[in-house]
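Asker: Sequence:
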Amino acid sequence: MKNILFLLSVLLPAIEFSANASQPEAEEAPFRRYMSLGVELAGPAMHFIAPETFVLSASADLEIRPNLMAALELGNAQVNVKQPAAEYNVSGQFFRIGANYNLLQQNPAIHGNQIFMFLRYAASFNTHDAPVVQLIDPVWGNQEVSFDQLSYQAHWAEVGAGLRTRIFHNFFLGWNVRAAFMISQTDNESTKPFFVSGFGRNQNNTQFIFQYFIYYRIPTK
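Counting along the sequence shown from 1, when you hit position 150 you're at 187 in our numbering, and nothing is skipped either side.
Honestly, the hints are just simulated from the structure, not real lab data. Idealized CB from N, CA, C, for every residue including glycine. The reader is advised that the hints may include incorrect statements.
In silico EDC-like pairs for lysine to aspartate or glutamate, Cα to Cα no more than 20 Å straight-line [what the hints assert, rightly or not]: (1) LYS119 <-> GLU77; (2) LYS229 <-> ASP166; (3) LYS119 <-> ASP185.
Taking CB as the label site, the calculated pair distances span [as the list claims (entries may be wrong)]: (4) PRO168 <-> PHE218: 15 to 21 Å; (5) PHE162 <-> GLU124: 20 to 26 Å; (6) ILE152 <-> ALA87: 55 to 61 Å; (7) TRP177 <-> ALA97: 22 to 28 Å; (8) THR202 <-> ASN242: 30 to 36 Å; (9) LEU99 <-> ASP185: 28 to 34 Å.
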């Protein structure tokens, strides 16, 4: 009996080791590239609060490596201010280009949800004009002036963070907040632009921007 127990104590670990060794190692899940297309919702919604401003933008990002996405944003902005003493118009287009990095590991259990950080370079190309500007002067009297349409450009950098969560099949909702830092803009102090498309009111060289997106995710490989 002792001999049988001794043999079992030797053979059972050997059999277990052999069984484990014969099982192939689990293969790593292959990298599957995705593209996401998004439409920004906060800009159109703000039009109901500030009717003189309308901003519409869309985005596309492509996962070029696990957790790393190349990103592009395009947009258009219109500002039409009409007051008794002044009328001012801005029309402009802008783009942002950069990268997102997803802080969540690739895991099927998270269903494509993301918490990410990002960097952007941005530029906008605008025109503005003021058909009517009334200058109030109690000494020399009031004057009415105007300036014709002028073009101007602006360039800035952005850093931010955001998240995305799946709501239905390949549809996601997400938001982000970003800090924008003006690098350069057309220098014309006599008619300094009131608004820069994609950047916002042109009062400071730093701007904080909140965005809310709906995305559709497309598998590309």
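Asker: Going through the numbered hints above, which ones does this structure break? Give me the numbers in ascending order.
Answerer: Going through the list in order, the structure violates hints 1, 4, 6, 7 and 9 and respects the others.
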